[in-house]
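Between the sequences and the hints, there should be enough to build the whole structure, so can you do that?
There are 2 protein chains.
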Amino acid sequence: MDTRFFLGLGLAIVLVFSGAVIYSNFTKLPAASAVPEDRETLYQVSTIDALMQGVFDGILPISELKKHGDFGIGTFDALEGEMIVLDGKVYHAKADGRVYSVMDNATTPLATVTYFTSDFSETTGQPMNFSVFSTEMSAHLPSPNMIYALRMHGTFPHMTVRAIPAQQKPYPTLTDAAKNQSVYSYTNTTGTVVGFYLPVFFKGLNVGGYHLHFLSDDGNTGGHILDLEIPANTTAEYDITPEFEMHLPTSGAFMGVDLSQDLSQELARVES
Amino acid sequence: MDTRFFLGLGLAIVLVFSGAVIYSNFTKLPAASAVPEDRETLYQVSTIDALMQGVFDGILPISELKKHGDFGIGTFDALEGEMIVLDGKVYHAKADGRVYSVMDNATTPLATVTYFTSDFSETTGQPMNFSVFSTEMSAHLPSPNMIYALRMHGTFPHMTVRAIPAQQKPYPTLTDAAKNQSVYSYTNTTGTVVGFYLPVFFKGLNVGGYHLHFLSDDGNTGGHILDLEIPANTTAEYDITPEFEMHLPTSGAFMGVDLSQDLSQELARVES
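Sequence lines, in order, name chains V and H. So the number in my numbering is just where the residue sits in the first sequence, counting from 1, plus 739. So the number in my numbering is just where the residue sits in the second sequence, counting from 1, plus 739.
These are calculated hints, taken from the structure and not from any lab test. Think of the CB as a built atom: it goes at the ideal place given N, C-alpha and C, for glycine as much as any other residue. Be a bit skeptical, because a hint or two may be false.
Derived lysine to any residue pairs resembling SDA-like cross-links, with alpha carbons at most 20 Å apart [unchecked claim]:
| no. | chain 1 | residue 1 | chain 2 | residue 2 |
| --- | --- | --- | --- | --- |
| 1 | H | 806 | V | 778 |
| 2 | V | 806 | H | 981 |
| 3 | H | 805 | V | 984 |
| 4 | V | 806 | H | 777 |
| 5 | V | 805 | H | 982 |
| 6 | H | 805 | V | 982 |
| 7 | H | 806 | V | 982 |
Beyond 12 Å from chain V on every Cβ pair, some chain H residues (computed) [as the list claims (entries may be wrong)]:
| no. | residue |
| --- | --- |
| 8 | 796 |
| 9 | 809 |
| 10 | 825 |
| 11 | 870 |
Following this line, the structure appears as structure tokens:
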């Protein structure tokens, strides 16, 4: 009996014992919920594979991005740092380890936002790292084929984040740019994990599985989460997001870049 | 000097000699064109890989689909036949070789629509089949990384279309269902080719490259194009469509189906 058996068994048990609660939340969604459809849309500008290939010029102003959501993650012009959008405010975690506010005329080459409304939640029974969280929480999701926004507040015993410094033209690939990333580790930091779970069939467009950023409550630290320790009794709130909208850049480097390759393995290395 | 060299050379020549004309059309798009943004959206319900795996139950009424476009392709509940949406009317090409009108309460498990407005056109210099058309026209596109709707009217010396009959539960895969497809060939048929070019990075979500359906002018025949002969001096109109919107089913078989596999090679076999 291998790992996949236990995952399958775990999923079956989850569906039998807790599925009803999760699912009742879920199936109510398309009905007369108070949530307008455009709040259930994951909005994305450009594609992850374009970013992988060095398409780093910002093409959408933050003022425009904010019209599509109050919650999300991304990066900024020239691949400078990590974006966290939380409660409608846009934060910029830079490679110096500090977090800055963002002007509306700043631009992004890649970002993913939605309006966050919790549909269901999961609470950890025991402490876990990113890898265990990804496996356990994926098994609890109503379906692996759905988009979820994830918001999780807590005091984390360990939190390791990265931020990539601004790149110079001619732009390198994301893999090469990430070789100069700054990595910061914090202990017992209190803040919010902001991110998404996307189905694996988003390969090429976005990051499959969990992609999480962090912002501390004091607004001083944050970035792209490389690893973390989540204590027991920490609650992750999920927003089921069945609509997906993507804006493809109509000018600039996106038009000419080779997006025909499968970069998923390279992406997995650079994102974790 | 292999084929790729000539393709590259061809592309370079196209960019130098005709690129300006195509591109001027193209770069005007995001500016104050008379086309509202939602007319530049490719709207899709479900994913091609879900259809590949037998998720054939209709989940969106045609009345809803028509709110997202007046032009497009798809299929119907139980994978019955081929959908053509042209000038706001929805047509149903069935396996008996005939085309039927569609009630608003009919449903679709997979469809792709937009509002068609021509941005640029390409005219064939010599007769060509589907394969040559795909290669030559792809090389003329402003970018392979963009979504295009394609509309082409003409009298086609040869036109081969297929339609798959309604499937019974438990549903087979698309590959198995297509083994019972009806294939019809017509000579000198006059009508409209309706379809899309999608970048290869849509793999898993939709059909990469050209995916074309046909409807004859008399409204009697049509289907999914397996092959065709396009005469010289036939003009293909293209609508550049930089926004993509996808609705993921929130209930039914979609939730549980395994969408983690790469089905692109199997898809290529069943779609051509």
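Worksheet item: Which earlier hints turn out false for this structure, listed by number in ascending order?
Response: Every hint satisfied by this model.
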